[in-house]
Amino acid sequence: MKFYYFHLMPYVMDHDAPSSWVTLSNRHYDPVLGHTLYNQYLDQFEHAERLGWDGLCVNEHHQNCYGTMPSPNVMAAMLVRRTTRAKIAILGNGLPLRENPLRVAEEIAMLDVASGGRIISGFVRGISAEYFSTAVNPTHSRARFYEAAELILRAWTEEGPFPFDGRYYRFPYVNPWPRPIQKPHPPVWCPSQGSSETVEWAAKRRFPYLMVFTPIKRIAQIYSEYREACERNGYTAGRYQLTVNLPVVVAESDAKAREIAQKHVMWVFNVGLRMHPPFWRPPGYMTEASLRRVLENPPTLPSELTFEEADREGYLIYGSPATIRDKLRIFSSELKAGILCTAMNGGSHERTLELMQLFAEEVMPHFREDAQVDETAGVGR
Amino acid sequence: MPTERALSIRGTPVRMLHEGTGPALLFLHGAGGAGHWLPFQERLAKDFTVYFPSHPGHGGSPAAEWIEHISDLAFHYLDLLDELGLARAHVVGASFGGWIAAEVATMASHRLESLVLIDPVGIKVDGWIYPFLFGMDIPEIVATVFHDPSAAFALAPPDFSADTLALQYRQGAALARVAWNPHLYNPLLRRRLGRVVAPTLVCWGAHDRVAPLVPCGETWAREIPGARLQVFADSGHVPHLEEPDAVAQAVGEFCRRPAGSR
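Chains A and B supply the protein sequences, listed in that same order. Under this note's numbering, the residues of the first sequence are numbered 6 to 386, in order. Under this note's numbering, the residues of the second sequence are numbered 204 to 465, in order.
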């Protein structure tokens, strides 16, 4: 199994506002504290590479305290020069949110060339709330996503200049310099919440599928839909096409890990993902079929998720190194996920570094039967 | 009670309520108003043949993927007049429906016997930004739209079944397709209002918080040549729901006058 260190770069705080997204006033943001946090978080990424993590994951979110990375490419650029070995996975750029998706093609190519080919390029639609922050029309979200993805992939692989004349994006000259160093292009991943349209789209293009913060039963269900979609498209899904992003808390004992999970992981759900209800469901962002699937089996709102339910449903795992090894075998052996993306949060920078070391020394070595395999070879393109 | 008709407008299926005798009057509803035949329409149907279609994606009319701009809806209603065989009609539009009616009037003013706009949105008004309705939950919307919140019960959903929630989502999406950004207006419409030659009555709720009388109502009355502005003292954004008798009376009187004196 491959291990990727994932970070939201949260601005951890308590507040009574109805939403941590879109409308939580930025007067709460203290740039001096932010300076310290950014540098601690970047130190954690660099530490992860030294400890043996295979990849480092950044991501895009806007106008919230949940994750302060509106531009993941900026953070990736810093990591490119401060690391030498780890893959840098950008999970991802919100393609429909861009008025000019050629900037994504250009920035990813810059990072890929500068890093010598360590970039993984996630393509996402952006979660519901981003459509309020960016004012992009959510009824265009899916069509813009497909069109921007096509434009970027063509910009990376076709000799320029060529014209592109789409419904949303039109360019008389597509001819980005530089071109990416990985051939035919950097691997593309699809982080998603499991809409059947995206599953089909990713499977058709052999793009790895990443389940983010999803209960384990649903991961199993979506993985099996993805595998079936791959078979329908004439091939069998490889191990590294199935990735999971899961909060993992390891500590010296089960009790200590439970305490950390209750406090720090649950902040992500209960406060970080607290959202004014309309921000969850912008009109037209989902197809009506997807909406009806959600209504049939409405998930608990993250802000109302209790630790007991999160634990029972498998939103997270926690425990001593031995417990974590047992729980991770479900993901590696039963779900056959090839890559685990996980954040670590001990509540303070120093404690986080300790827990990272514990995980790297006591857990990771037990899942290294594929140590010599390049997980990006022939995957995601 | 009105009869419900199923129409096909250039291949786009729509449901339409229909009742009354007398001159033809096309009513264009606002967001959330589809299919709600209320005292306002009942009253008008005494003097007019009232046609009350649901916009595509609203009420019983299925979503139409081809509609991507407010002008598509305006052309749709010109096509509907053709389908009904109406060379001319009185056109009454409320809120979002007022926006569509104004677009129709700038394109084909000669098809309108008269134009009645009830608290329309649709133009960029100097000094005003429409509150972002898509970011509001139901209590916030009621508090913003209605002066008297009890008037909102008339539009309340019958239940919270999956079908009802799916319908509401479909209506929101149909509105968002043409009104998310720019929110509730067409940047080109205001300067085109000078083309409207149909006699025009602009009705406005004194307490409208979506589009306040000052500056919105006054701007509309100024931009449409010869328009009359009538204010309803006890209404918010939807006077035809909040003061149905008074608004229906004003509309009826305006539309019944001889063409030269409106």
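Read the hints as simulated data drawn from the structure, not as lab findings. The C-beta atom is built at its ideal place from N, Cα and C for all residues, glycine as well. Be aware that one or more of the hints could be misleading.
[As the list claims (entries may be wrong)] Quick list of the computed label-pair ranges, beta carbon to beta carbon:
1. A462(B) <-> S201(A): 38 to 44 Å
2. H371(A) <-> P342(B): 48 to 54 Å
3. G214(B) <-> P189(A): 51 to 57 Å
4. V17(A) <-> P360(B): 37 to 43 Å
5. E367(A) <-> F335(B): 47 to 53 Å
6. G263(B) <-> R356(A): 30 to 36 Å
[What the hints assert, rightly or not] Quick look at which bits of chain B chain A covers, simulated, 3 or more residues with Cβ under 8 Å:
7. 335-343
8. 363-372
Status of the hints after comparison with the structure:
no.	hint	verdict
1	A462(B) <-> S201(A): 38 to 44 Å	violated (57 Å)
2	H371(A) <-> P342(B): 48 to 54 Å	holds (53 Å)
3	G214(B) <-> P189(A): 51 to 57 Å	violated (42 Å)
4	V17(A) <-> P360(B): 37 to 43 Å	holds (39 Å)
5	E367(A) <-> F335(B): 47 to 53 Å	holds (50 Å)
6	G263(B) <-> R356(A): 30 to 36 Å	violated (59 Å)
7	335-343	holds (count 5)
8	363-372	holds (count 4)
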